[in-house]
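Trainee: Sequence:
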Amino acid sequence: MVMAFSALRHLIHAHPLIDNHAHNLLSADAATDYAAYPFEQIVSEAHGSALRNARSALPLHRAAQQLAELYGTPSADWDQLVAARDRWVRRDYPGLVRQCLQGTHALLLDDLMTDSDVEPYSWHDRFTPAPTRRIVRIEAIAQQTLAQLPPVDEDSPAVVAAQFDAFRQRFQDQLAAAVADPAVVGFKSVVCYRTGLNVQPVDDAEAATYLLPAFARVLRTPGHRVEDKPLNDWIVRCLLTLLQDTAATSPQPVHKPLQLHTGLGDTDIDLVLANPAHLQPLIAQYPGVDFVLLHSAYPYTRQAGYLACCYDNVYLDLGEVFPMVSRDAQESILRESLELVPSTRLLWSTDGHFFPESFWLANRQFRAALERVLVEYVSEGDYTVEQARQAAANMLFHNSNRLYDLRETPIYRDGDTSKLSVGSNRSPAAALDAFLARNPHVRYVWMQWLDYTATVRVRMFPVAEFARIVQQQRRIGICLAVQWMLQDDLVAPEGSVTGQYYMTPDLDTLRVNAGLGDQPRSASVFSNWKSEAGAPLDGCPRNTLQRVVDQLRPFGTTATCGFEIEVVFLRDGPEYTPAVTNHSWSQMTPDTRRLLPILEEIAETCAAIDLPLQQFHAESAPGQFEFILPPAAPVAAVDALVSARQVVVQVAERHGLRATLHPRAVPGAAGTAAHAHLSLSPAEPDVEERFLAGMLAHYRALVAFSFSQDASYERVRPGLWAGSTWVAWGSQNRETPLRKIGPAHWEIKSLDGLANPYFAMAAVIAGGVLGLRGDYTLTSKDCLFDAATLTDTQRQDLGITTRLPTSLQESLDELEKDTALQEVLGKTVVENYLIVKRLEGKRLGAMDAETRRRWLIERY
Numbered sequence: 056m057v058m059a060f061s062a063l064r065h066l067i068h069a070h071p072l073i074d075n076h077a078h079n080l081l082s083a084d085a086a087t088d089y090a091a092y093p094f095e096q097i098v099s100e101a102h103g104s105a106l107r108n109a110r111s112a113l114p115l116h117r118a119a120q121q122l123a124e125l126y127g128t129p130s131a132d133w134d135q136l137v138a139a140r141d142r143w144v145r146r147d148y149p150g151l152v153r154q155c156l157q158g159t160h161a162l163l164l165d166d167l168m169t170d171s172d173v174e175p176y177s178w179h180d181r182f183t184p185a186p187t188r189r190i191v192r193i194e195a196i197a198q199q200t201l202a203q204l205p206p207v208d209e210d211s212p213a214v215v216a217a218q219f220d221a222f223r224q225r226f227q228d229q230l231a232a233a234v235a236d237p238a239v240v241g242f243k244s245v246v247c248y249r250t251g252l253n254v255q256p257v258d259d260a261e262a263a264t265y266l267l268p269a270f271a272r273v274l275r276t277p278g279h280r281v282e283d284k285p286l287n288d289w290i291v292r293c294l295l296t297l298l299q300d301t302a303a304t305s306p307q308p309v310h311k312p313l314q315l316h317t318g319l320g321d322t323d324i325d326l327v328l329a330n331p332a333h334l335q336p337l338i339a340q341y342p343g344v345d346f347v348l349l350h351s352a353y354p355y356t357r358q359a360g361y362l363a364c365c366y367d368n369v370y371l372d373l374g375e376v377f378p379m380v381s382r383d384a385q386e387s388i389l390r391e392s393l394e395l396v397p398s399t400r401l402l403w404s405t406d407g408h409f410f411p412e413s414f415w416l417a418n419r420q421f422r423a424a425l426e427r428v429l430v431e432y433v434s435e436g437d438y439t440v441e442q443a444r445q446a447a448a449n450m451l452f453h454n455s456n457r458l459y460d461l462r463e464t465p466i467y468r469d470g471d472t473s474k475l476s477v478g479s480n481r482s483p484a485a486a487l488d489a490f491l492a493r494n495p496h497v498r499y500v501w502m503q504w505l506d507y508t509a510t511v512r513v514r515m516f517p518v519a520e521f522a523r524i525v526q527q528q529r530r531i532g533i534c535l536a537v538q539w540m541l542q543d544d545l546v547a548p549e550g551s552v553t554g555q556y557y558m559t560p561d562l563d564t565l566r567v568n569a570g571l572g573d574q575p576r577s578a579s580v581f582s583n584w585k586s587e588a589g590a591p592l593d594g595c596p597r598n599t600l601q602r603v604v605d606q607l608r609p610f611g612t613t614a615t616c617g618f619e620i621e622v623v624f625l626r627d628g629p630e631y632t633p634a635v636t637n638h639s640w641s642q643m644t645p646d647t648r649r650l651l652p653i654l655e656e657i658a659e660t661c662a663a664i665d666l667p668l669q670q671f672h673a674e675s676a677p678g679q680f681e682f683i684l685p686p687a688a689p690v691a692a693v694d695a696l697v698s699a700r701q702v703v704v705q706v707a708e709r710h711g712l713r714a715t716l717h718p719r720a721v722p723g724a725a726g727t728a729a730h731a732h733l734s735l736s737p738a739e740p741d742v743e744e745r746f747l748a749g750m751l752a753h754y755r756a757l758v759a760f761s762f763s764q765d766a767s768y769e770r771v772r773p774g775l776w777a778g779s780t781w782v783a784w785g786s787q788n789r790e791t792p793l794r795k796i797g798p799a800h801w802e803i804k805s806l807d808g809l810a811n812p813y814f815a816m817a818a819v820i821a822g823g824v825l826g827l828r829g830d831y832t833l834t835s836k837d838c839l840f841d842a843a844t845l846t847d848t849q850r851q852d853l854g855i856t857t858r859l860p861t862s863l864q865e866s867l868d869e870l871e872k873d874t875a876l877q878e879v880l881g882k883t884v885v886e887n888y889l890i891v892k893r894l895e896g897k898r899l900g901a902m903d904a905e906t907r908r909r910w911l912i913e914r915y
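For the sequence shown, counting from 1, position 320 maps to 375 in the numbering used here; every step adds exactly one.
Keep in mind the hints are simulated off the structure, nothing from the lab.
Only pairs whose alpha carbons sit at most 27 angstroms apart, straight line, appear in this in silico BS3-like list of lysine-lysine:
| # | residue 1 | residue 2 |
| --- | --- | --- |
| 1 | 872 | 897 |
| 2 | 872 | 882 |
| 3 | 836 | 795 |
| 4 | 882 | 897 |
| 5 | 836 | 872 |
Simulated restraints, written as ranges between beta carbons of each label pair:
| # | residue 1 | residue 2 | range |
| --- | --- | --- | --- |
| 6 | 843 | 797 | 24 to 30 angstroms |
| 7 | 872 | 528 | 45 to 51 angstroms |
| 8 | 381 | 656 | 42 to 48 angstroms |
Because the structure is a prediction, the values reported are computed rather than measured. C-beta atoms are modelled at their ideal positions from N, C-alpha and C, and glycine is treated no differently.
Kindly produce the complete structure, drawing on both the sequences and the hints.
Mentor: Structure (structure tokens):
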């Protein structure tokens with residue numbers, strides 16, 4: 056459970072977030088103009104003389120302690136903090152913004168505030184992995200439209216009506232243009248601030264009595280501030296009608312919700328009319344429009360929660376109260392939100408504005424509150440760990456990604472802040488400097504990659520030379536022949552020794568080689584392959600997996616993967632006999648206890664380099680153990696798998712043992728797999744079925760990547776808990792190749808340690824992509840038995856009609872025929888893979904069984 060909580064906490068604090076409601080930051084010149092923009096506003100909605108009282112409020116005291124950490128000051132005295140802030144702004148304002156937006160994947164910005172001292176919305180793009188999107192404030196559009204009307208000398212009913220017709224046409228045109236603008240992902244109304252949430256329906260017959268006089272009053276008001284109830288209500292209904300009509304008539308779905316301020320805000324609100332309960336008739340009237348209730352609706356959180364629970368078109372935003380209220384209040388608001396609201400209807404935002412610190416404090420405090428609440432619910436048995444992890448990921452990222460149709464893929468940041476994280480926007484050089492400052496004993500860096508035979512290839516550099524590579528002062532070219540190279544460096548005749556690619560280190564993966572000793576002098580980093588022009592190279596295994604994962608974006612879904620590492624510990628030497636023999640599944644025998652110090656050293660070494668294991672235990676074969684890694688984005692998950700395997704092997708070697716991934720290292724004993732877990736989020740039933748149908752339809756071909764040598768097919772047998780012999784799926788059935796564990800969560804049984812896991816997972820996901828693209832129908836049913844034990848009639852009744860390949864040659868032939876799978880994976884990748892695996896198969900086939908066994912154990 057400790058490991059499970061660790062994985063939950065890691066996800067909460069490392070998962071990228073989408074900030075679904077934010078505002079522009081001040082320019083550098085205005086960022087220290089505290090007369091115009093008092094810094095206390097980051098924790099208080101008060102203004103004027105009342106704002107002075109904020110210095111004695113609990114939220115400010117808490118924020119001061121946290122800001123002292125941000126600025127690196129020994130004191131949390133407010134004036135000293137402000138002075139430290141001034142120095143940072145003058146020295147490096149973009150650096151302060153980057154630090155404060157660390158972990159933010161995308162900003163959805165209401166950029167129509169009237170302040171002239173703010174940066175434009177596109178300026179914010181440089182600080183987040185994804186581009187900033189716009190939220191259009193409809194009252195601002197209305198005010199701008201009013202200002203563009205030609206002045207008139209009289210206000211007779213006829214003139215007012217003509218002016219209103221001109222206003223209506225221009226306003227509706229502006230809204231329609233915003234609906235069509237891909238940079239606009241939603242709309243916002245501040246009707247709560249202006250005239251209250253009790254938006255009234257007005258018939259056309261009543262327009263002359265109520266609407267036109269209100270329009271005339273606003274038209275005569277200097278500045279044309281839209282603050283007259285009949286007109287404000289009409290503006291809201293005008294947008295809602297447009298959105299509902301567009302959703303009903305557009306050939307493509309339109310996902311542009313309306314955000315509404317609810318609950319606390321500036322002092323110009325009527326707090327009674329800020330209760331979202333007033334919106335219930337409007338929500339019911341426009342079922343085709345999605346409503347987002349902002350500001351946690353505090354202090355009306357429960358009323359908002361009722362609406363988000365009972366109406367399919369309502370979402371509750373959890374922003375603004377962080378950092379405006381105390382820790383206890385924040386946790387209470389989260390609990391009240393979860394009382395009724397499904398976790399798929401909760402969205403995170405900062406309501407950050409003007410000061411980058413408002414984003415930093417909100418994100419930090421929300422993650423802390425989310426951790427405390429979810430861990431408590433798991434401890435009490437309300438959530439499982441996986442349910443809590445999914446709830447957190449939904450709130451932080453997936454719900455906004457789906458609701459606003461952003462089609463983003465989360466880019467995970469590492470829990471170790473000494474490493475470069477894609478979400479941190481630190482330069483590679485700065486990331487390397489931070490890593491070396493934390494690990495001063497590191498003198499060498501290994502740049503590594505996995506070739507087509509799943510062999511880890513390494514180039515080693517002194518730190519100074521690696522720094523030149525990171526700073527792009529030097530490029531490392533590798534001969535393209537590695538795409539056709541076997542384990543002993545033989546290049547296939549079809550290959551070429553002409554041309555090269557360039558290794559580009561991914562500093563997100565920079566880790567100390569902790570398995571080599573107590574204070575290793577080297578670190579490892581994975582690399583991508585790039586062309587002469589700097590473009591990603593098609594043949595690169597990491598590029599291939601990421602490119603396939605990216606093809607999930609149009610379907611509004613993301614994937615995560617997790618892996619099980621099964622190894623057999625052997626006595627090193629020519630015979631390779633099991634290290635222990637009195638051994639069985641999940642038991643603690645005397646022999647097992649002798650290996651316990653090694654197992655614990657592996658777990659502690661992995662944790663030291665931020666690869667926490669979820670669990671480990673004895674498996675069935677003599678000397679066989681399993682280590683389970685937490686889920687992550689596919690490329691990051693495979694990186695973690697390869698790094699953790701290296702730890703296992705290196706620690707075992709230090710104790711005189713050989714840890715092998717050979718699928719049948721001990722003849723006659725249980726086999727060794729490398730099962731993968733694959734999840735889609737959100738777990739929509741339709742997406743799940745089509746994805747599953749695609750995997751099954753292309754399974755015979757994709758197995759060429761996951762069972763990549765003939766030794767792998769020794770486990771395609773009934774009764775081994777290895778997936779048996781038929782292409783099928785089953786709920787919690789370990790004798791089907793695809794075991795369904797939960798909604799859109801499968802275990803891939805047809806995978807072992809001889810496979811290149813980048814290619815293997817790319818192939819599995821590619822099958823699912825084809826199912827989504829082709830709108831595949833799931834024809835096979837949930838199989839609760841070993842299909843090999845059923846009759847032909849029973850299998851046909853379940854839609855099970857296809858056997859698994861029983862040899863590498865058979866699966867390679869299937870891959871060669873599957874042009875659709877080749878198209879998703881890349882034809883060049885598949886062609887070269889077929890060449891390598893067929894040559895490798897011939898060479899291994901020429902060996903006798905024992906020679907072949909030792910040959911594989913020495914290399915895997």
